[in-house]
Amino acid sequence: MKKLAKRAITATIACSAAAVLISCGGEEKTAGIDPKNHTDALFSVMKADRTNYTKLIVQRLGPKGADAVVPKEEWKDIENGIPLPAQMFRAGAEAVRDLNDTFTYSLQSSWPINKQNAPKTPMEKEGLEYIVANPGENFYGTEKLGDVSYFTAVYPDVAVAQPCVSCHNEHKDTPKTDFKLGDVMGGVVIRVPL
Amino acid sequence: MMFYGADKSQLLIGETTYGHHQIEMSCDTCHTSAFGGEEVIQNACTQCHAEDLEHSNDSHPKAKFTDPRNADLLKIIDARYCVSCHTEHHKEKTDEMGVTVPKDYCYHCHQEIGEERESHKDLPFDSCATSGCHNYHDNRALYEGFLERHADEPIFKAIAQLPNRTAEKNYQEKNDNIQPLTAADVDLSAYPKAVPEKIMHEWLSSSHAENGVECSSCHIQDNTSQQWIEKPDHTSCQSCHEKQVKGFTEGKHGMRLANTVAMPLQAISPKEAAHPEAFKSDAFTQEHSCSSCHLSHEYNTQTAAVESCLGCHNDEHSVAYLESPHYALWQKELAGELPENSGVSCASCHMHREKINKKGEVFVVHNQNLTLRPNEKMIRPVCMNCHGVGFAIDALADEVLIKNNFNGRPSQHIESIDWVKKRQ
Chain A
43 MKKLAKRAIT ATIACSAAAV LISCGGEEKT AGIDPKNHTD ALFSVMKADR TNYTKLIVQR
103 LGPKGADAVV PKEEWKDIEN GIPLPAQMFR AGAEAVRDLN DTFTYSLQSS WPINKQNAPK
163 TPMEKEGLEY IVANPGENFY GTEKLGDVSY FTAVYPDVAV AQPCVSCHNE HKDTPKTDFK
223 LGDVMGGVVI RVPL
Chain B
318 MMFYGADKSQ LLIGETTYGH HQIEMSCDTC HTSAFGGEEV IQNACTQCHA EDLEHSNDSH
378 PKAKFTDPRN ADLLKIIDAR YCVSCHTEHH KEKTDEMGVT VPKDYCYHCH QEIGEERESH
438 KDLPFDSCAT SGCHNYHDNR ALYEGFLERH ADEPIFKAIA QLPNRTAEKN YQEKNDNIQP
498 LTAADVDLSA YPKAVPEKIM HEWLSSSHAE NGVECSSCHI QDNTSQQWIE KPDHTSCQSC
558 HEKQVKGFTE GKHGMRLANT VAMPLQAISP KEAAHPEAFK SDAFTQEHSC SSCHLSHEYN
618 TQTAAVESCL GCHNDEHSVA YLESPHYALW QKELAGELPE NSGVSCASCH MHREKINKKG
678 EVFVVHNQNL TLRPNEKMIR PVCMNCHGVG FAIDALADEV LIKNNFNGRP SQHIESIDWV
738 KKRQ
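Just so you know, the protein sequences line up as chains A and B, in that order.
Positions 43 to 236 (this note's numbering) are the ones given, in order, by the first sequence.
Positions 318 to 741 (this note's numbering) are the ones given, in order, by the second sequence.
None of these hints come from the bench; they were simulated from the model.
Treat the hints with care, since some could be wrong.
Claimed, not checked - In silico SDA-like pairs for lysine to any residue, Cα to Cα no more than 25 Å straight-line:
(1) B:381 - A:209
(2) A:162 - B:426
(3) B:379 - A:235
(4) A:162 - B:375
(5) B:379 - A:130
(6) A:157 - B:456
(7) B:381 - A:95
(8) A:78 - B:383
(9) A:157 - B:388
(10) A:157 - B:697
(11) A:114 - B:395
(12) A:118 - B:445
(13) A:114 - B:388
(14) B:420 - B:389
(15) A:114 - B:420
(16) B:381 - A:87
(17) A:157 - B:392
(18) A:114 - B:389
Generate the whole structure from the sequences, applying the supplied hints.
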């Protein structure tokens, strides 16, 4: 009898405590965004911006269009030089880090021209392999770097234009020389700290 | 701790680097706050050095390291902060360029280079940042594309001339009612004492008189008080020569006078330099100002280009200049035997001429050590006017040749350009 009473009392206390906790807070809490939706949204902006840059600036004003600007790897040192789409993408990634610390992104590849852009963490390697093996799909996972857990999303970076393929195939430092239009050449890795 | 003007020499935990020697006693320049940690110091670095790093197209800006995927690399060297590699007050472990980490710092992040590049396979792991190969910050004259474009240049270019200075021309174009002044144009009654004949003569021969600049422009600063300044300093020059004064205060000639220095310091003189023995003894106590080189009233830029320098500097390289092929060209130019801008004075290399815009405006950079840290910074604005890039790289890598002021040919060849040609 005593034990039952004790349990009953404990249960009552627990229930009321729970009730207090649930009802506490007063106003309604805003629902959080699912990390997957968050990174999907970010990726769509990145993709749209880079595609637009490629079409509206590089193709329109570059050698194939008005021939007024020179899209080249060493664009800073050339008269009327402008960044290549991949460089414009990377510049965005660097600039974002000064503006916002709720996410980071980078452009990586299993066949990088600059080896610093090769996948480093086990999740990056897994993600890049997955998107190549499963065309049309994205990769999502969580990993821990240092003391922080991250939601990591990897999106395929597809060769949408012939210059992507020819430049990479012909570059002095490329480890792969048989890219084709439509190939997954690398991936955009977006990380959100949890 | 931050008492203004107090002698803080006892608080110095160790000598400063060569670069900061002159402002060693102005602790507050870097230690702007007693608390705040590494961000405070980082801001102190960027306050003076950010502009040059940006201009140099820094190969390793902080932005390259802030992605969390690089966290494990940062544990070895935290490349986000200058002090990770440039720690102050540890003279015992400070190497060239104020670097306080061992020479293998590149290896931690670039270990794969030996496998990737055939040419780099057998290179020592601590040989990356050596002369003519790679630089951590400024690779403008060293990157592959640049070397490729300039791979087959001759030792001497067919047209070997510096760009013409345009400051006077620009001024005249912008102010089209300038008249050269004569002695009659100066109302001497306005000035506190008689103007010596010598000074009048010097001023009349100067480009100041030529361009309508007379005594009050420098000697009277405040239009309301009309107070006569006996010896105008660099602040008087600033209103018209802003860029030049800024450059002057960024280099070792004028860094004590920079407005970024917390405590006003006296202008540098040889006796306060890091190496007083490298200067002429009769210049020991002379404080450096604009007039030190430009000679007040005369403002003779030819004198400023050589004689002024040699009036103080007495090191091997300076002394050897008078026997050098560069000086021979300078003498020929002054004698009219060579076209203007063909000669090479001290200023040609150490106060280089920079094209600032597409209109062709050229001005003289007054930060005399901008192109010395490291000396590959000289290649593009200086050497390339007359020499091919490969030759310039070899010459600047030869310490003996630098000491004897380029009297001879480089003793070794830096192979970077050959490796680039192989990959073409």
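Hints versus structure:
no.: 1; hint: B:381 - A:209; verdict: holds, 24 Å
no.: 2; hint: A:162 - B:426; verdict: holds, 12 Å
no.: 3; hint: B:379 - A:235; verdict: holds, 20 Å
no.: 4; hint: A:162 - B:375; verdict: holds, 24 Å
no.: 5; hint: B:379 - A:130; verdict: holds, 18 Å
no.: 6; hint: A:157 - B:456; verdict: holds, 18 Å
no.: 7; hint: B:381 - A:95; verdict: holds, 22 Å
no.: 8; hint: A:78 - B:383; verdict: holds, 23 Å
no.: 9; hint: A:157 - B:388; verdict: holds, 17 Å
no.: 10; hint: A:157 - B:697; verdict: violated, 28 Å
no.: 11; hint: A:114 - B:395; verdict: violated, 31 Å
no.: 12; hint: A:118 - B:445; verdict: holds, 24 Å
no.: 13; hint: A:114 - B:388; verdict: violated, 30 Å
no.: 14; hint: B:420 - B:389; verdict: holds, 20 Å
no.: 15; hint: A:114 - B:420; verdict: violated, 32 Å
no.: 16; hint: B:381 - A:87; verdict: holds, 22 Å
no.: 17; hint: A:157 - B:392; verdict: holds, 20 Å
no.: 18; hint: A:114 - B:389; verdict: violated, 32 Å
Going down the numbered hints, you'll see the structure goes against 10, 11, 13, 15 and 18, while the others check out.
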